[in-house]
Amino acid sequence: MRLKIMLLLLLCLNGAGLSFSVTQEILPAGITCCDEKKIRQAMTEEVLARILVKTESGLRNKGLAGDYLSDQAFEKIKRHIPDGADTDQRLAFLREMLQPPAPDRDIEEFQTLVGHFIQGMTLEIGITMQDEYDQAFQVKEKTLKLLDHLEKLSRLDDESLGRALFQVDLTDKELKRIRASDRRWKNSAADASPFKEFNTLKRNITGHAPDRDQWLVFELAEKYRCQFPFLDEFLENYRRVASVFRDAARRVTERLSVSWE
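Start counting the sequence shown at 55; every next residue gets the next number (the numbering used here).
No lab work stands behind these hints, which were simulated from the structure alone. Keep in mind that the hints are not guaranteed to be accurate.
Claimed, not checked - Computed cross-link-like contacts, DSS-like style, restricted to lysine-lysine with a CA-CA straight-line distance of at most 30 Å:
1) Lys227 to Lys256
2) Lys91 to Lys227
3) Lys256 to Lys92
4) Lys250 to Lys227
5) Lys277 to Lys91
With the hints as constraints, model all of the structure from the sequences given.
Printed below as a string of structure tokens:
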């Protein structure tokens with residue numbers, strides 16, 4: 055998991071002295087592949103779940119779902135948790151303590167730490183998904199532009215093909231991959247996990263191997279899939295890009311095959 059984004063955000067928010075309520079109004083810019091508000095809602099549930107685990111008798115010191123921000127948030131809230139409260143009551147109390155204004159300094163710091171977790175993880179997940187989507191989208195767009203150039207050519211030879219590749223910023227190696235993509239296309243198994251399905255499509259479009267560091271992004275997205283389906287939004291958009299790319303790649307291959315017959 056890449057933590058640089060989260061840590062940088064934490065430093066920025068701390069330096070700016072922004073409150074919990076203010077940080078929750080700050081959303082990542084440029085996220086179009088899914089609804090970032092759903093990511094934020096899911097990460098609110100995640101941080102509360104991590105803190106809640108620490109309130110359970112016998113689980114506090116077992117390192118379950120631990121991270122710096124939720125650990126510190128628990129330290130700020132633990133003495134305020136009502137004695138004898140059951141799990142649902144403790145969760146309700148944690149939610150209540152997120153509502154401004156904070157009654158004391160500990161709760162204010164609790165709110166701030168929770169806000170930093172939510173915002174940092176929203177950025178981590180949102181930017182990871184958007185970056186992958188943008189890479190696939192760019193390949194698809196270049197392939198469509200190449201197809202457009204090829205269909206406008208009355209005569210296609212090595213020289214005109216070279217000019218077309220230059221105009222759309224594609225290399226010979228990328229063209230070979232595009233031409234081979236339909237023949238080598240792989241479909242995911244019906245029971246494949248979202249992460250496996252994504253990586254299969256990713257290799258089909260970009261030729262890139264899976265990034266194992268992304269597993270936590272997809273694990274968290276899948277965990278809250280029913281409540282906050284931003285993962286389904288991302289996959290739907292990614293599948294759409296894949297479908298358009300495959301069709302364009304097939305047509306490019308057909309156009310080049312006919313021209314050199």
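Handout entry: Hints violated by the structure (numbers, ascending)
Key = Number 2 - this is the single hint that the structure violates.
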